[in-house]
Amino acid sequence: MSEERASARQGEPDRTILSVRNLGISFGMYQKGLKRTFLPVIRSLCLDVRAGEILAVIGSSGSGKSLLAHAILGILPGNAAVSGEIRYRGETLTKRRRERYRGTEIMLIPQSPDYLDPLMRVGKQVVGTHGDKAKLREAFARYGLAPETERMYPFKLSGGMARRVLISTALVGDPKLIIADEPTPGLSAELAKGTFAHFREMADNGVAVLLITHDVDLALGFSDRIAALYAGTTMEIAPTSDFRAGKNALRHPYSKAFIDALPQNGFRPIAGAQPYAGDLPEGCLFAGRCPERTDECAGAAPIRRLRGGEVRCIHAT
Amino acid sequence: MRGTRLAASPGGVMRKIILPAGIAARMFLLLIAVSILSFILITESPIDPLTSYVGAESTLSEAAKDEIAAHWGLNDPAPERYLKWAGNLLRGDFGVSITYKRPVIDIIRERFSYSVVLMMIAWALSGVLGFAMGICAGLRRGGVFDKAVKTFCLVLQSAPTFWLGLLALSFFSVTLGWFPIGMAAPIGKPAVDVTFADRAYHLILPVLTLTVASIGKITLYTRQKLIEMMDGNFILFARARGETTGQLTRRHLIRNIALPAVTVQFASFSELFGGMALAETVFSYPGIGTATTAAALNGDVPLLLGIALFSALFVFAGNLIANILYGVLDPGLKAGGDYV
Ligand SMILES: Nc1ncnc2c1ncn2[C@@H]1O[C@H](COP(=O)(O)OP(=O)(O)O)[C@@H](O)[C@H]1O
Ligand SMILES: [Mg+2]
Numbered sequence: 001m002s003e004e005r006a007s008a009r010q011g012e013p014d015r016t017i018l019s020v021r022n023l024g025i026s027f028g029m030y031q032k033g034l035k036r037t038f039l040p041v042i043r044s045l046c047l048d049v050r051a052g053e054i055l056a057v058i059g060s061s062g063s064g065k066s067l068l069a070h071a072i073l074g075i076l077p078g079n080a081a082v083s084g085e086i087r088y089r090g091e092t093l094t095k096r097r098r099e100r101y102r103g104t105e106i107m108l109i110p111q112s113p114d115y116l117d118p119l120m121r122v123g124k125q126v127v128g129t130h131g132d133k134a135k136l137r138e139a140f141a142r143y144g145l146a147p148e149t150e151r152m153y154p155f156k157l158s159g160g161m162a163r164r165v166l167i168s169t170a171l172v173g174d175p176k177l178i179i180a181d182e183p184t185p186g187l188s189a190e191l192a193k194g195t196f197a198h199f200r201e202m203a204d205n206g207v208a209v210l211l212i213t214h215d216v217d218l219a220l221g222f223s224d225r226i227a228a229l230y231a232g233t234t235m236e237i238a239p240t241s242d243f244r245a246g247k248n249a250l251r252h253p254y255s256k257a258f259i260d261a262l263p264q265n266g267f268r269p270i271a272g273a274q275p276y277a278g279d280l281p282e283g284c285l286f287a288g289r290c291p292e293r294t295d296e297c298a299g300a301a302p303i304r305r306l307r308g309g310e311v312r313c314i315h316a317t
Numbered sequence: 318m319r320g321t322r323l324a325a326s327p328g329g330v331m332r333k334i335i336l337p338a339g340i341a342a343r344m345f346l347l348l349i350a351v352s353i354l355s356f357i358l359i360t361e362s363p364i365d366p367l368t369s370y371v372g373a374e375s376t377l378s379e380a381a382k383d384e385i386a387a388h389w390g391l392n393d394p395a396p397e398r399y400l401k402w403a404g405n406l407l408r409g410d411f412g413v414s415i416t417y418k419r420p421v422i423d424i425i426r427e428r429f430s431y432s433v434v435l436m437m438i439a440w441a442l443s444g445v446l447g448f449a450m451g452i453c454a455g456l457r458r459g460g461v462f463d464k465a466v467k468t469f470c471l472v473l474q475s476a477p478t479f480w481l482g483l484l485a486l487s488f489f490s491v492t493l494g495w496f497p498i499g500m501a502a503p504i505g506k507p508a509v510d511v512t513f514a515d516r517a518y519h520l521i522l523p524v525l526t527l528t529v530a531s532i533g534k535i536t537l538y539t540r541q542k543l544i545e546m547m548d549g550n551f552i553l554f555a556r557a558r559g560e561t562t563g564q565l566t567r568r569h570l571i572r573n574i575a576l577p578a579v580t581v582q583f584a585s586f587s588e589l590f591g592g593m594a595l596a597e598t599v600f601s602y603p604g605i606g607t608a609t610t611a612a613a614l615n616g617d618v619p620l621l622l623g624i625a626l627f628s629a630l631f632v633f634a635g636n637l638i639a640n641i642l643y644g645v646l647d648p649g650l651k652a653g654g655d656y657v
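In order, the protein sequence lines correspond to chains C and Z. Just so you know, the first sequence maps onto residues 1 to 317 in the working numbering. Just so you know, the second sequence maps onto residues 318 to 657 in the working numbering.
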C-alpha cells in the first residue's frame, strides 16, 4: 500500500501541508543577577508533512518533540524565542492564521491527561468551542468510551480512558493536520494498534498526520516516513521502508544506532548521553557519541538530500 | 500521576471520618484558650470595674462598694472567678454586662446583628470586586490597568483601616456632606421609626471603608493565581484548540480560580473582623466593635469574655469553611468521590 501512496505523492508535488524550515527555539533565562541569556534547545529543525501521509517523529526524551508540536500550535511559554519558518498549506503560519486554524483544521493531541481542565466535564471539554457533538459521540463509540464518560470529570477517568479522551479531542472537527504527541502510552497493545490504524485511515482520506511516538514498532508498521530527532534537530528523515529494512538502508549513524537499540535487534544501547539542551556543541550534535566521527565533524553539518531521504551528516552515503 | 491520586484517597477517607470529632475538640480547646487569655488580660489591666461602674465621683460608702464587689465576686482569687464564670457559661448564663447593665447574651445578639450585616456586605463586595479586578489585571499583565491595580492593592494593604475610615469620613461626610457622620440610624429618631433606607444610608460609608480595606488580598491573590494558571497545561491545550482569551476566561479560568479564591476569602475572616472593629469605632457604628471598645474601657469582664468567645467562633467558622474548601480542591479527596 505504501508504494501506491508514494507514487501518488510524486504525481502531485504540492501536497505539502506543513513545512518546518530551520526552526529554532531558545529559552530566555536569568543567570547570575539580571543578565538574560538564551538557551537554545531546538536548532535548525526541518521537516514537512504531506496530505495523506503519516510522518512519525521518533527520538529519545528531551530531543524536542513536544516543543516542536507546541511551536506549530503557538503555545510555547512566554520566555521562548522562536526563529525559522513554519508554513501551513503554503502560507507562513502567522499568529492570525494560527488562531484561525487551531481547533478547526490543525488538531493537537497532547502528551498527558493533565492537559484536560479538571473542573470541566469531559463531553463539554472534548467538544470545545469548535467541535461537533455528533462527532464526539462517534469518536467515543469508536474508542470504546461509554456515553456516560461525557458527564464525568477528568479525575474519574482511568489512564487509558484519559488517553482515548485526548485522542477524541482531535476528532470533533474536520482536521487537515493532526499533531499527536505520544498518544498511546497507557493504552493496551490492541488499542494502541487500533489508534495507529485509525490515523492510517484518516491519512488515507487525505489528512496529514505528524505522529510523535516512542512506539517504534507501530511507527514502522503504519507510517510513511520517519524523522529521527536528536538534541533538538532532525538527524534523518527517510521512508519508513528504509527503517524497516534495517540499519544498512539508513543514512545517519544516529538512526542506525537507534534501530540497533531496539529490543528485536538486541538492545544495543548507544554509549554516552544526549548533549544537554543548554550546552549544545558546535558542529554535529551527535559527534560526541558517533563511532564514525572525524575531525571534520566539528564543522557545520547541514541537512541534505540523499537517496530519497534527508540526512544531517557529512559522511553519510 | 494516577498512582499518587490513588495513594492519596485512603488518607482522604480517613480525614473524612476524623473530621467532625477533631473539629469539635479543636473548637473546644480554642474557646478555652481564648477565654483564659482574655480573662487574664482583663483582670490584669489597670481598669477597676467597680470604679467604672459606680463612677469616679461616686459618693457611695466604702461598705456599699464592698458589698457590690462581693456580689460580683471581685474579691475572690482569679482562678476561682474564672471557674465560676465558666460554670455559669456551661448552664448558658453569660452573665450581666457592667457597661450596659443588661445580660451579655442580649447585647451580643443585638450588636452582632449590626456587625454581621456590615461584615457580610463588605465581605461579599470585596470578594466579588476583588476577584473581578484580579482577573482583569492578570489577563493584561504588565498593562496600565494591571500596574494601577497592583499599586492600589499594595498601598491599601499597608494602610490602616481606621485611617481609611477617617479619610472616607472627612471627605464624603464632612467635605461633601453626602453621608452621615456615623451611627446606624439618624440620631434622635425613635428605634421603631428607623426605616430600611435609614439603615442602608448609614451603612454605606462603613461598608465602603471595610470593603476597600479588605479588597487588596483577594485581588492580588486572584491575579497571581490567574498568571500561574495561564501557563498551565490545560489552558495551553484549550488555546491550541482555538479558544480565544475571552473563552478561556469564561470556560476555564474563572471556574478554576473561583474556588481557591473563595477559600482565601473565608480564611481572611479574622482580618475582616479586626478591620470591622476599627471601622465601627471610626463611624460610631453600634456593632460588636464599638461594644468591645466600651467593654474594655470599663473593665467589663463578662461582656468582653462573651465577645471574645463569639468572635473566636466566628473566625473559627471562617477558617473551617476555608479548610473544607481546600479539602474539596484536594484531588485525593476528590477521587474519594463525594464532593463534586
Ligand atoms: N519551558 C522550558 N524552559 C526551558 N527548557 C525547556 C522548557 N521546555 C522544554 N525545555 C527543554 O527542551 C528540551 C526538549 O523538551 P521536549 O520538547 O519536552 O522533549 P520531548 O522530546 O521529550 O518531548 C528538554 O531538554 C527540555 O528540558
Ligand atoms: Mg514530549
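For the record, the hints were derived by calculation from the structure and aren't laboratory data. These numbers were taken from a predicted model, which means no experiment stands behind them. Just so you know, not all the hints are guaranteed correct.
Simulated coverage check for chain Z against chain C, where a stretch passes if three residues somewhere in it have a Cβ under 8 Å from a Cβ of chain C [as the list claims (entries may be wrong)]: (1) 544 to 554; (2) 557 to 564; (3) 567 to 575.
Straight-line alpha carbon distances no greater than 27 Å define the calculated BS3-like cross-link-like pairs of lysine-lysine that follow [claimed, not checked]: (4) Z:K382 <-> C:K35; (5) Z:K542 <-> C:K124; (6) C:K35 <-> Z:K464.
Beta carbons: idealized from backbone N, C-alpha and C, even for Gly.
Against the structure, the hints:
Counting residues of the stretch 544 to 554 of chain Z whose C-beta lies closer than 8 Å to any C-beta of chain C gives 5; at least three are required, and the coverage claim holds. Interface restraint, the stretch 557 to 564 of chain Z with chain C: holds (6 residues with C-beta to C-beta distance below 8 Å; minimum three). Look at the stretch 567 to 575 of chain Z against chain C: 4 of its residues bring a Cβ nearer than 8 Å to a Cβ of that chain, three or more, so the hint holds. For the proposed pair K382 of chain Z and K35 of chain C, the alpha carbon gap of about 77 Å is over 27 Å, so the pair is violated.
Between K542 of chain Z and K124 of chain C the alpha-carbon distance is near 24 Å, which keeps this suggested pair within the 27 Å criterion. About 24 Å separates the Cα atoms of K35 of chain C and K464 of chain Z, which keeps this hinted pair within 27 Å; it holds.
The structure shown violates just one earlier hint, number 4.
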